[in-house]
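Protein chains: 2
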Amino acid sequence: MLKKERQAYILHQVNLHNKVLSSSLCIDINVSEDTIRRDLQELAEEGKVIKVHGGALSHSFNDVHFPSNGVYSQHQKKTIAQKAISLIDNGMFVLTSGGTTILEMARSLPPQLKATFISGSIPAILEYMHHPNIDVILVGDRISKNSKITVGTEAIAKIKQVKADICFLGTNAIDLQHGITDNDWEVVQLKKAMMESSQKVVCLAIAEKVNTFQPIQIAALEKIDILITELPPDDPILKPYTDAGIKVL
Amino acid sequence: MLKKERQAYILHQVNLHNKVLSSSLCIDINVSEDTIRRDLQELAEEGKVIKVHGGALSHSFNDVHFPSNGVYSQHQKKTIAQKAISLIDNGMFVLTSGGTTILEMARSLPPQLKATFISGSIPAILEYMHHPNIDVILVGDRISKNSKITVGTEAIAKIKQVKADICFLGTNAIDLQHGITDNDWEVVQLKKAMMESSQKVVCLAIAEKVNTFQPIQIAALEKIDILITELPPDDPILKPYTDAGIKVL
DNA sequence: CAAATTCCTGCACAAAAACGCAGAAACCGG
DNA sequence: CCGGTTTCTGCGTTTTTGTGCAGGAATTTG
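First to last, the protein sequences are chains A and B.
The first sequence begins at 22 in the working numbering and counts up by one.
The second sequence begins at 22 in the working numbering and counts up by one.
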């Protein structure tokens with residue numbers, strides 16, 4: 022990996038997460054801690070980041086508010102993202118839906134991962150594009166402006182042509198009775214197609230979405246292989262899902 | 022293998038993968054590392070790539086690309102954008118390529134315009150998405166990270182299905198002898214398809230691109246209907262194009 | 001205040017760049 | 001066809017750059 026490339030990656034991470042730990046960086050990129058420190062020092066001299074003990078901060082972080090946590094339950098989503106990423110191996114074909122949890126996953130992908138990601142979500146695609154080693158396939162069709170993903174028969178047809186290894190669904194609602202449900206007809210059609218085109222189906226859901234439901238059903242519980250929340254797998258809330266044969270992480 | 026040939030290959034690799042290692046290049050092409058370095062140096066001096074220790078990077082890495090022209094030439098591009106927009110009427114189907122000039126046009130679209138825009142350029146799509154009255158169709162396929170547009174046979178096939186009213190091409194080089202030319206093979210294929218699918222073909226080019234050429238031809242001059250630059254239509258530089266039957270704005 | 005990180009300095013080693021040079025190929029004007 | 005020039009390429013050698021490692025100093029944290 023080239024020096025500039027590495028620094029671009031660091032900068033990207035800093036701008037996304039507002040902070041970065043040199044320890045986690047040197048695991049991600051797989052270089053010595055010294056190299057990371059030298060990179061951070063250079064970036065700091067160019068005024069791109071603010072160097073602090075143990076890592077670096079984004080410049081915008083210096084300003085007023087303290088946005089990272091709380092508001093969008095970002096911390097929980099990061100936990101979920103980490104678990105999800107452990108399921109991805111080099112060379113895989115990965116289908117993803119849209120949504121903020123998926124976005125968090127996209128941002129946290131380790132840079133040395135080589136895989137092919139397929140999606141119709143514009144924000145997710147933007148993240149995948151920044152990644153140095155990921156091939157990106159964009160599913161085309163009409164764009165739904167409020168969900169920022171491509172929807173329509175063309176998109177569904179394209180997804181059906183794919184045979185992906187794994188599929189990650191940002192989940193708006195899941196419960197025992199209705200399975201996974203959502204409130205946008207077109208998004209539901211897409212997610213159905215994605216599930217059919219994948220060997221494994223993984224649902225990402227923050228705990229507050231568990232045991233809630235929405236008007237339209239995407240699929241019954243049996244169709245789900247893995248469920249990921251920010252809670253430990255043995256949390257009592259998740260027990261019924263484990264009992265239903267779903268692997269819970 | 023000829024020098025020019027080699028450099029075109031290098032450029033293509035950079036445009037595809039965003040980076041090249043000089044070590045891998047000299048294995049691929051089977052020349053000494055010195056030759057590669059000299060090629061990279063030349064390309065860097067022409068501003069085609071950014072040379073770094075160990076290889077070269079595409080411009081999209083460096084945050085802002087200053088195209089030899091100190092001030093971004095944004096003013097010229099705004100002028101071009103205004104002229105281009107005057108060609109769009111309500112209800113039209115509009116095909117657009119990528120590039121900064123197209124982007125400037127996308128930003129300047131009047132909010133009451135109701136039309137359908139079709140493109141594979143991610144930055145352009147982002148602009149269209151923000152527009153209140155425009156329907157956006159995204160052409161899907163593999164994403165070229167450097168040019169940030171979708172490329173590949175799927176994308177071309179989709180474009181060929183379209184019958185658009187007008188097509189706007191961001192133009193890298195145009196001259197009397199070679200017509201419009203470019204340096205990325207995959208982008209060239211796309212632009213060709215777009216021209217064939219449109220009733221009218223409009224080229225947007227800042228004046229410094231006029232009377233220059235690149236290795237790969239997109240189309241001869243005769244295929245162009247309208248040429249837009251920031252200069253007044255009667256500027257002597259543009260006279261030969263008017264004589265060739267092109268409408269110049 | 002004590003333990004654990006993290007940071008800095010100097011150093012060593014490897015990879016890549018720069019430089020000068022020489023042989024080979026292409027070009028060109030008689 | 002030919003001798004001279006230019007361009008291109010590859011090979012050593014030297015210089016620079018990038019990276020990791022070991023130690024001691026500085027800092028955070030409990």
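Watch out, some of these pointers could steer you wrong.
What the hints assert, rightly or not - With a cut-off of at most 20 Å between alpha-carbon atoms, the simulated EDC-like pairs for lysine to aspartate or glutamate come out as follows:
no.	chain 1	residue 1	chain 2	residue 2
1	A	Lys169	B	Glu26
2	B	Lys184	A	Asp156
3	B	Lys169	A	Asp156
4	B	Lys72	A	Glu63
5	A	Lys184	B	Glu66
It should be emphasised that the hints constitute simulated quantities derived from the structure, not laboratory data.
For each hint, the structure was consulted:
no. : hint                : result
1   : A:Lys169 - B:Glu26  : violated, 41 Å
2   : B:Lys184 - A:Asp156 : violated, 30 Å
3   : B:Lys169 - A:Asp156 : holds, 12 Å
4   : B:Lys72 - A:Glu63   : holds, 18 Å
5   : A:Lys184 - B:Glu66  : violated, 45 Å
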